[in-house]
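In terms of the working numbering, the sequence shown opens at residue 970 and continues consecutively.
Be careful, since some hints might not be right.
Stated by the list, open to error - The list that follows gives simulated cross-link-like pairs (lysine-lysine, DSSO-like), each with its CA atoms no further than 30 Å apart:
no., residue 1, residue 2
1, 1050, 1156
2, 1034, 1095
3, 1050, 1116
4, 1116, 1095
5, 1039, 1134
6, 1116, 1149
7, 1156, 1098
8, 1039, 1078
9, 1095, 1156
10, 1098, 1116
11, 1116, 1039
12, 1034, 1098
13, 1116, 1093
14, 1078, 1093
15, 1078, 1134
16, 1023, 1116
17, 1099, 1050
18, 1039, 1149
As the list claims (entries may be wrong) - Quick list of the computed label-pair ranges, beta carbon to beta carbon:
no., residue 1, residue 2, range
19, 1029, 1128, 15 to 21 Å
20, 1039, 1132, 24 to 30 Å
21, 1046, 1134, 32 to 38 Å
22, 1046, 1070, 25 to 31 Å
23, 1050, 1157, 21 to 27 Å
24, 1019, 1156, 38 to 44 Å
These are calculated hints, taken from the structure and not from any lab test.
Idealized CB from N, CA, C, for every residue including glycine.
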Amino acid sequence: MPLVTTMAMPPPATTVCVTGASGFIGSWLVMRLLQHGYIVRATVRDPGNMEKVKHLTELPQADTKLTLWKADMSIQGSYDKAVQGCEGVFHMATPMDFESNDPENEVIKPTVEGMLNIIRSCAKAKTVKKLIFTTSAGTLNVEEHQKPVYDETSWSDLDFIYSKKMTGWIYFLSKILAEKAAMEATKENNINLITVIPPLVVGPFIMPTLPPSLITALSPITGNEAHYLLSGFSDSHSQGTRTGAEKDSYNLHLDRLLR
970 MPLVTTMAMP PPATTVCVTG ASGFIGSWLV MRLLQHGYIV RATVRDPGNM EKVKHLTELP
1030 QADTKLTLWK ADMSIQGSYD KAVQGCEGVF HMATPMDFES NDPENEVIKP TVEGMLNIIR
1090 SCAKAKTVKK LIFTTSAGTL NVEEHQKPVY DETSWSDLDF IYSKKMTGWI YFLSKILAEK
1150 AAMEATKENN INLITVIPPL VVGPFIMPTL PPSLITALSP ITGNEAHYLL SGFSDSHSQG
1210 TRTGAEKDSY NLHLDRLLR
């Protein structure tokens, strides 16, 4: 899809919710949404922790168009108030522990349940027109033999992921299961689900700490072997980053809402 360089302004007082707003893509998206006139409800774990949210509250127009909401993916109903009255919801919050000793309970279940909790909140609100879920290229192209083309029917090989346990395998698995659960739940609740599938995300960041994806991207330079990717998988991610370089991830998310 061609890059949308000029985006239509939203109707007056269009309200959207961004989960995981303090993260790499989330913070950029919040900034772009504010620039385009949206009223943004940003959910974070602790709105009072200025060290982790200051980069959001200091954004241009944040004082009039941005509010921070406390939410926890693991608690059902936690997003209800933040989502109520919103027309669009961007779900980006996700556990990012690549070295968990208990991946099932610390990453996979929270990711899937968090996705379902968001959908329940959207269904209760009855105002949400689009739910835009940020997933990963790791949901569709992690397999022993890479294909030249991937489409909506493509899914990564779960057995291959389990056997290789490459960098990010827990993350990939959690995103696969969350997306499949979301497809079923949104269909049952008549919610328009859109998934955005970025490869390894690199570039400037607004958040105060180095994003996990940049730690991985820089690992060949820093020598952080724990973040090395499998060669074939790394090539596919690098190629996706190059071919999609002109499509900033945060702009793509916004484009999905406007269409």
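Hint by hint, here is what the structure shows:
For a cut-off of 30 Å, the pair hint linking residue 1050 to residue 1156 stands: about 23 Å separates their Cα positions. Between residue 1034 and residue 1095, the direct Cα distance comes to roughly 22 Å. Compliance with the 30 Å bound is thereby established for this hinted pair. In summary, the hint linking residue 1050 to residue 1116 is not supported, as the alpha carbons are separated by about 43 Å, beyond the 30 Å threshold. The suggested pairing of residue 1116 with residue 1095 is violated, with an alpha-carbon distance near 40 Å, which exceeds 30 Å.
Distance hint between residue 1039 and residue 1134 is unfulfilled; the C-alpha atoms sit about 33 Å from each other, more than 30 Å. A hinted pair counts as satisfied when its Cα atoms are at most 30 Å apart, and residue 1116 with residue 1149 qualifies at roughly 21 Å. Among the hinted pairs, residue 1156 with residue 1098 is consistent with the structure: their alpha-carbon atoms are about 13 Å apart, no more than 30 Å. For the hint linking residue 1039 to residue 1078, the alpha-carbon distance of about 20 Å falls within 30 Å, and the restraint holds.
Of the supplied pair hints, the one linking residue 1095 and residue 1156 holds, its CA atoms being roughly 14 Å apart against a limit of 30 Å. Annotation: proposed proximity of residue 1098 to residue 1116 is violated, straight-line Cα distance about 34 Å (limit 30 Å). The hinted pair formed by residue 1116 and residue 1039 fails the criterion: a straight-line CA distance of about 42 Å is larger than 30 Å. As the CA atoms of residue 1034 and residue 1098 are separated by approximately 20 Å, the hinted pair is consistent with the 30 Å bound.
The hinted pair formed by residue 1116 and residue 1093 fails the criterion: a straight-line CA distance of about 40 Å is larger than 30 Å. With a C-alpha separation of about 22 Å, the suggested pairing of residue 1078 with residue 1093 holds against the 30 Å cut-off. At roughly 18 Å between alpha-carbon atoms, residue 1078 and residue 1134 fall within 30 Å of each other, so this suggested pair holds. As the CA atoms of residue 1023 and residue 1116 are separated by approximately 43 Å, the hinted pair breaks the 30 Å bound.
Straight-line distance between C-alpha atoms of residue 1099 and residue 1050 comes to about 17 Å, which keeps the hinted pair within the 30 Å bound. Restraint check for residue 1039 and residue 1149: satisfied, since their Cα atoms lie roughly 26 Å apart, inside the 30 Å limit. A C-beta distance of roughly 48 Å is found between residue 1029 and residue 1128, which places it outside the suggested range of 15 to 21 Å. The hinted window of 24 to 30 Å between residue 1039 and residue 1132 is violated, with their beta carbons roughly 40 Å apart.
Between residue 1046 and residue 1134, the C-beta spacing of about 35 Å keeps the proposed range 32 to 38 Å intact. The hinted window of 25 to 31 Å between residue 1046 and residue 1070 holds, with their beta carbons roughly 29 Å apart. Separation of residue 1050 from residue 1157 is about 23 Å and conforms to the stated range, judged on CB atoms against 21 to 27 Å. Evaluation of the 38 to 44 Å hint for residue 1019 and residue 1156 yields a pass: the beta carbon distance comes to about 40 Å.
The structure fails hints 3, 4, 5, 10, 11, 13, 16, 19, 20 (numbered hints given earlier, in ascending order).
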